[in-house]
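**Student:** Okay, here's what each chain looks like letter by letter:
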Amino acid sequence: MARTLHELAETLDLPVQGPDLEIKGVASLELAGEHDLSFLSSPKHASLLAATKAGAVILARDHADQIPRALISDNPSLDFARALRLFEKEQGCLSGHSEQAFIHPQAQVHPSAIIYPFAFIGPRAVVCENCRLFCGVYVGEDCRVGAHSTLYPNVVLMARTILGSNVIIHPGTVLGGDGFGYTPSPHGLEKVPQVGHLVIEDHVEIGANCAIDRAALGVTRIGRGTKVDNLVQIGHNVAVGADCILVSQVGIAGSSKLGDRVTLAGQVGIADHLHLGDDCRVGAKSGVNRSLEGCKDYLGSPAVEARKFMRIAASWNRLPDLVKRVATLEKELKALKTTKSEDSHEQN
Amino acid sequence: MARTLHELAETLDLPVQGPDLEIKGVASLELAGEHDLSFLSSPKHASLLAATKAGAVILARDHADQIPRALISDNPSLDFARALRLFEKEQGCLSGHSEQAFIHPQAQVHPSAIIYPFAFIGPRAVVCENCRLFCGVYVGEDCRVGAHSTLYPNVVLMARTILGSNVIIHPGTVLGGDGFGYTPSPHGLEKVPQVGHLVIEDHVEIGANCAIDRAALGVTRIGRGTKVDNLVQIGHNVAVGADCILVSQVGIAGSSKLGDRVTLAGQVGIADHLHLGDDCRVGAKSGVNRSLEGCKDYLGSPAVEARKFMRIAASWNRLPDLVKRVATLEKELKALKTTKSEDSHEQN
Amino acid sequence: MARTLHELAETLDLPVQGPDLEIKGVASLELAGEHDLSFLSSPKHASLLAATKAGAVILARDHADQIPRALISDNPSLDFARALRLFEKEQGCLSGHSEQAFIHPQAQVHPSAIIYPFAFIGPRAVVCENCRLFCGVYVGEDCRVGAHSTLYPNVVLMARTILGSNVIIHPGTVLGGDGFGYTPSPHGLEKVPQVGHLVIEDHVEIGANCAIDRAALGVTRIGRGTKVDNLVQIGHNVAVGADCILVSQVGIAGSSKLGDRVTLAGQVGIADHLHLGDDCRVGAKSGVNRSLEGCKDYLGSPAVEARKFMRIAASWNRLPDLVKRVATLEKELKALKTTKSEDSHEQN
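Chains as they are written, first to last, in the working numbering: chain A, 1 to 348; chain B, 1001 to 1348; chain C, 2001 to 2348.
Read the hints as simulated data drawn from the structure, not as lab findings.
Careful: at least some of the hints might be erroneous.
Said to hold, decoys possible - Simulated crosslink set (BS3-like; lysine-lysine; CA at most 30 angstroms straight-line):
no.	chain 1	residue 1	chain 2	residue 2
1	A	Lys-308	B	Lys-1331
2	B	Lys-1324	B	Lys-1334
3	C	Lys-2324	B	Lys-1334
4	B	Lys-1337	C	Lys-2324
5	A	Lys-334	C	Lys-2324
6	C	Lys-2331	A	Lys-340
7	C	Lys-2257	C	Lys-2308
8	B	Lys-1191	A	Lys-324
9	C	Lys-2324	B	Lys-1324
10	A	Lys-340	C	Lys-2337
11	C	Lys-2024	A	Lys-340
12	A	Lys-324	C	Lys-2334
13	A	Lys-331	B	Lys-1334
14	B	Lys-1191	C	Lys-2024
15	C	Lys-2331	A	Lys-308
16	C	Lys-2257	A	Lys-89
17	C	Lys-2334	C	Lys-2308
Said to hold, decoys possible - Looking from chain B toward chain C, a few residues come up when the C-beta cut is under 7 angstroms (computed):
no.	residue
18	Phe-1118
19	Gly-1122
20	Ala-1253
21	Arg-1318
22	Pro-1320
Predicted model, so just to flag it, every value in this text is computed and none were measured.
Glycine residues also receive a C-beta, built at the ideal position from the N, C-alpha and C atoms.
Excised from the complex, chain A in its bound form (with noise of 0.2 angstroms):
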């Protein structure tokens, strides 16, 4: 674990300034000690260099005056990422399949995958190499797990949903579940059957808890790239591009298309049917009742351009003293015309 900071800017091949320095750990520069690594994400920080402790700090070279000991980086941020990876220590402990899994027999497990007690393999199901399928993971019937793909505890596979390579999947989120579908009938609400399927594609990310709903007919896509935070509810028949950005507790109903690279922040509601164009982002806690165009913020519930909705909520603050200032004009307005009506007389 531990290492010098010479071996570190030749292992993250990067200029390195100062004499050697044994590092063993990693921390922001406030909390840092005198053997951590830290790093200076954005120029508007730089105060922080002073006062700290760390014993070498990844940053611009426009800023390594100010610290003894540094890696010098055109891309501070993504550079500590890549430290940090030296400094991380994996989740897990166990190797092999489990005698305590249940792999049934028709199910293609690779050699090199790893398989934790209390998980479940479904006939059919391919789980390929270097895999790592922890308690309680359940992977239903003709399901496909890709290479060096992670599912976390108790992640739940339903039939036939397919997961590409690298992907990763956090506790308890549930893949492929039946859409949300009931059509009336004169005994009540009579479900849709939901025979398609869902597909996540390589490098993909999903965190906890989220719920990612197999398609009516077809299928449900999560493009490549795409990272996916705790608590997101995406409905049947949904396409989701390639590197989007879905922050914790988004919900997309049924049936709407994401380009790529959109961001949806914290809390946001996309309705049914809608198109979101590439890059478009949404900020926090909106609500999409519409198709979006690219390239553009939105914020707001109903969702409109997010410069436009700054100067709504702005102009919230000022709606109670606005509604007395309209009587008092109603009131002045009135005398007005009535004098004007008495003078106009008086002149008759």
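Please arrange chains B and C on chain A, whose structure you already have, making use of the hints.
**Tutor:** Below, chains B and C without anything else, positioned relative to chain A:
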């Protein structure tokens, strides 16, 4: 699985049009191939009929002349749902009671029930005929699971929870947990023991990763035929009527009562101790802070009648401009009063 | 279970009124039967006393003459909570360490702890005296579960999560999962390893299906005595103070800090890197996008002081009308200016 159009017509008891054809699957009009069955849900999508490659379509008689092969229906959505049931592959692959499950000697499990590995059934719990309990299901003491009910993986029933027959609970949902009740004491917040229970009536379906609490005293109840989507929260002592629809991420606070056929759209919040009348419908993301009359549509936070909210939201867009217009009016009126007073002065 | 009114008076150390009676259960004033104990929480419900069939009621001395049998209390809600504890049936039915659990040889589990089937305890994890770990619980490497704590079914503690004593975690909750951190790279979003951990202090209770992430660097912390409802999301590096109340479906984004005794009502969202002062209270569904002073009530999205929001929301109802009134004013003023100018013209 494969069957012919004429066989389907007989099974579904629908008039058929056109020569027979092998039907291998079901799909939307856009994606259907020449051996797929599709459906026209509404006349407004009738333009899709010209381009569809579907082998046959379930549709109303009015549109039958636009397609060579059809099943004629008075309710195409409902009849397509019935057709889907013929093509559906049910989840699950095991039968019997797994030896890797834990069944308490004082539990009563019907021989026809399917109990997966790693399921737990506590003392005095009753599991009726044809139930299916998937992996990781926990059924606490004195629970009852009615006939033909399905508990998908990792569903949790805390002690004394009662489920009717034909109930479906999706993965990860927690039923009958402690309500959120504390009372201030000299030593901080004191927990109020939650000694009530939870009743889920017949034909209810509940989505993934929901939480429905048992009552503090008495009972929390979900009425017959009600459908609940994923990630929904229902507090202690809530009563939901029959045939309600609660969409994803809805939250209902303690002791509120919903009538029958109430619809709450996604992310709606209902405060505590309120009453919502039969057939009322609350639009997405609304926040309800007062009791609502039935048979009406509501929207907004705080929720008002939907039509009213639409007018309010339309006014918001004009609000920043309105602030300026009022300032202009004030200035002009002042100017007018000044000139008027000067006029008067001149006249005197 | 059955006990008499006079025995209860002695156990709870409360003055008793009326002859002794066997007490078999507890219920609300409306539903109580003649052998039930009930309580009057607040003088505003005193009218229920006339009709109640309760065998005895816990109430303030002021109301004692309205009922034959009573336990007299200065704090009826708290004393009723104490009484409920006598009638509560605790969840659970097993003792000892189940042979169907997985306990790593390097884990340290106190002999008095109860470990259910299908629980997993990883290496170097410590489970202290009188803990109860239900089915499907996962305790990762190097975790610690303090004395007298309960982890209900399917609770997940990722590696290095630390729980104090007398902690209760409801089913399906995930503690110490990865924070949501990515940094742009030439190859898309790069995961920032989350090397911190999560600390839950003594006497904390957390609801079902929540997600509380561990820190990116350093620690996420939930303070002593804080109570968290179901489906709550708490991001990495958040610090929640002591004795806070976080109601269902709340979301707190990364690095925000809450003081002590903060209350967040249902579905509230708190943006990242904010500070909420001691004793501040945020109303249901609010969206907080700036730091808040303590000891105040807030409401709305964006949240403002509650009283102010009430006035704004009241104004919304008048807004569509206000738009019309301003248009009328403009028209009338214009008319007035015209006639005035004509008058002037005439006069000239």
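**Student:** Run every hint past the structure and note whether it holds.
**Tutor:** Hint check results:
1. A:Lys-308 <-> B:Lys-1331: holds, 25 angstroms
2. B:Lys-1324 <-> B:Lys-1334: holds, 15 angstroms
3. C:Lys-2324 <-> B:Lys-1334: holds, 21 angstroms
4. B:Lys-1337 <-> C:Lys-2324: holds, 23 angstroms
5. A:Lys-334 <-> C:Lys-2324: OK: A:Lys-334 and C:Lys-2324 at ~17 angstroms, within 30 angstroms.
6. C:Lys-2331 <-> A:Lys-340: holds, 17 angstroms
7. C:Lys-2257 <-> C:Lys-2308: The hint holds at about 24 angstroms.
8. B:Lys-1191 <-> A:Lys-324: It is violated: about 47 angstroms lies between the C-alpha atoms, which goes past 30 angstroms.
9. C:Lys-2324 <-> B:Lys-1324: Holds. C:Lys-2324 to B:Lys-1324 sits at ~15 angstroms (cutoff 30 angstroms).
10. A:Lys-340 <-> C:Lys-2337: holds, 11 angstroms
11. C:Lys-2024 <-> A:Lys-340: violated, 82 angstroms
12. A:Lys-324 <-> C:Lys-2334: holds, 21 angstroms
13. A:Lys-331 <-> B:Lys-1334: holds, 13 angstroms
14. B:Lys-1191 <-> C:Lys-2024: Holds, at roughly 22 angstroms.
15. C:Lys-2331 <-> A:Lys-308: holds, 27 angstroms
16. C:Lys-2257 <-> A:Lys-89: Measuring from Cα to Cα gives roughly 27 angstroms; hence the hint holds.
17. C:Lys-2334 <-> C:Lys-2308: Status violated; Cα separation ~34 angstroms.
18. Phe-1118: With Cβ-Cβ at 5 angstroms, under 7 angstroms, it holds.
19. Gly-1122: Hint holds; B:Gly-1122 Cβ to chain C Cβ min 5 angstroms, cut 7 angstroms.
20. Ala-1253: holds, 6 angstroms
21. Arg-1318: OK, holds: B:Arg-1318 within 7 angstroms of chain C, min 6 angstroms.
22. Pro-1320: violated, 12 angstroms
Checked against the numbered hints listed earlier, the structure breaks hints 8, 11, 17 and 22; every other hint is satisfied.
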